[in-house]
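Sequences and hints are given; from them, build the entire structure.
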Amino acid sequence: MRKLEEKIFKTLMRIATLVILGSLLLIFIAIIKRGLPAMSWDMLTKIPGGGFYIGKEGGLLNAIAGSVFLVIGATILGLAISIPVVVYINVYLPRKSLFADITRLSADILFGIPSIVYGAFAFTLMIYFGLKTSLLAGIIAVSLLITPILIRSMDEVARLVPKDLKDAALSLGATRYEIIKVVLKQISPGITTAILLSIGRAIGDAASVLFTAGYTDSVPTSLSQPAATLPLAIFFQLSSPIQEVQDRAYAAALILTAIVLVLSLLARYYSRKLSKNKV
Amino acid sequence: MRLLNPRDMLVRAKKSPKVRTLFGGAAVLEPENSHLHVQKDMPMEKPHISVRNLNVYLQQNHVLKNVNIDIPSNAITCIIGPSGCGKTTLLKTFNRLLDQSLEVKIDGEVLLDGENIHDPKVDIMHIRKKMGLLSQRPVPLPMSIFDNIAYGPRIHGIRRKKKLERLVQKYLKSAGLWEEVKDRLNTPANRLSIGQQQRLCLARGLAVEPEIILGDEATSALDPISSKKIEELFLKLKEEYSIVLVTHTLRQAKRIADYIIFMYMGEVVEAGTADQLFNNPQQELTREYLSGYFS
Ligand SMILES: Nc1ncnc2c1ncn2[C@@H]1O[C@H](COP(=O)(O)OP(=O)(O)OP(=O)(O)O)[C@@H](O)[C@H]1O
Ligand SMILES: [Mg+2]
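As you go down the protein sequences, you meet chains A and B in turn.
Each residue of the first sequence is one higher than the one before, counting from 1 in our numbering.
Each residue of the second sequence is one higher than the one before, counting from 1001 in our numbering.
Treat the hints as calculated values from the structure; they're not laboratory data.
Where is the CB? At the ideal position from N, CA and C, for every residue including glycine.
Do not rely on the hints blindly, as some may be mistaken.
To be verified - Facing chain B, from chain A, some residues (calculated, C-beta under 10 Å):
hint	residue
1	30
2	127
3	130
4	134
5	164
6	167
7	173
8	182
9	187
This is the structure in structure tokens:
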């Protein structure tokens, strides 16, 4: 009886694993099959031509550039918020602190909020401040989305920093500021992993940028201009009835997937490195 | 800083079931006369650190109770006692690492070369510079071997590369690590073995040119050979430094200690030369501890 049970469970687990691997493979096949023929050097280097939003000619440079600008801006803004938070709860507050626990809980809750809600929230902010759809608004929305991810993943590693390390630095004469430097240095592979994770999340998210960054056929040249993004390029082009335009959506998906793939491989590499570094 | 009245704390300590079951209510632990247990004939002309009526409360726990001891210069003083008796707390009081956390109340005096370390006029960096700390597990800073040693000197304002190089070499040699690492000073310090890391931490502590070395179970994470190496270093270093070591291994204390402080539940039960304490303990509690009756 025992043996049979074990067998059944083993089979079920195997099937589940296969389903995961299978869907990953199918997604890759689908994207490559339709995206690769549409891919060309022009896709990466030209902005679209022949019709606003869903022109058939040209490339996706508007969306690639928009996504890159947006992600860079959002990551910088997100780090500017999350690093002080992580430092505060791990260096300034004692080990067992109610405030730190509340902060962690809030970050967890924020982590679970769907991105469309962040989009809507940023949208109300925009209306309040009289901001138009723009790269800046998109950056704000996306940074709201990734800040909890940054906080949580950096906090995970910052909590592991032994108290002895801080004591050691203190007894060598370090000031609080020096301690912060040491702690940040100690968790730097963790910070890198956190950044890569949140970039992966930010670059693929459509809902948060829909109302905030907007969409455009040109490459934004300032923060106040609207910006196209890869997820929205997929969304708009896929909803076109024209076959060639739909294929361009798959090309965009291919580019996006390639970027995310590279990022997650890098993130894995760095978190491996972190676990090796641990004292 | 909230704090219970010390008298309440004493009552609490006496009521604690642990005390009663172990000693059947005997008055061994009567804190009021605890200073009587300190052997008066500790031959100390000019103590390096002297502690007078020290009481420490951590989050309303009365952790150190009326501690009166002297730490001699150029000798190894071992602090022994069961887990949780306050050894680490005492060490951390010495270089003021306790002030860091929130709910701490410290009463009484700790005199370092006759100067009260808790005097508001005293510079905390100055206190810390006089002591090197060695923790239970070695904690290399996340940087190269060279930068680990140079960290302290740099903080204290030494910038010249030549000078730093000289210091790094000198203290790696004192810690007996130079030969092993001289060819890879720029590799990350956490690549060293645990024993090497502990000697690195010792060198790093020495590089700020302290007068006192504080070690909190500094060899307990090490294999026997590495521990022996560190012990030998301590024996050599006591020529120039005063050394205070917390240790759990009585055998280690017997091997290297000149003076012993035996603590129990926040109090110093007995203190004296290693010879006095091991061969002629005055307190019943000390005798029990030494004979391994409890630990
Ligand atoms: N932050 C704190 N808040 C409250 N109580 C504490 C705190 N830190 C330590 N204590 C208590 O103080 C007492 C002494 O702790 P300490 O770490 O000094 O003991 P120890 O002798 O070093 O023990 P060990 O041999 O296990 O290292 C313990 O009872 C401990 O529970
Ligand atoms: Mg301890």
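Here is how each hint holds up against the structure:
{"no.": "1", "hint": "30", "in the structure": "violated, 44 Å"}
{"no.": "2", "hint": "127", "in the structure": "violated, 43 Å"}
{"no.": "3", "hint": "130", "in the structure": "violated, 44 Å"}
{"no.": "4", "hint": "134", "in the structure": "violated, 40 Å"}
{"no.": "5", "hint": "164", "in the structure": "holds, 4 Å"}
{"no.": "6", "hint": "167", "in the structure": "holds, 5 Å"}
{"no.": "7", "hint": "173", "in the structure": "holds, 5 Å"}
{"no.": "8", "hint": "182", "in the structure": "holds, 6 Å"}
{"no.": "9", "hint": "187", "in the structure": "holds, 9 Å"}
Figure legend: structure checked against the earlier numbered hints; hints not met, in rising order: 1, 2, 3, 4.
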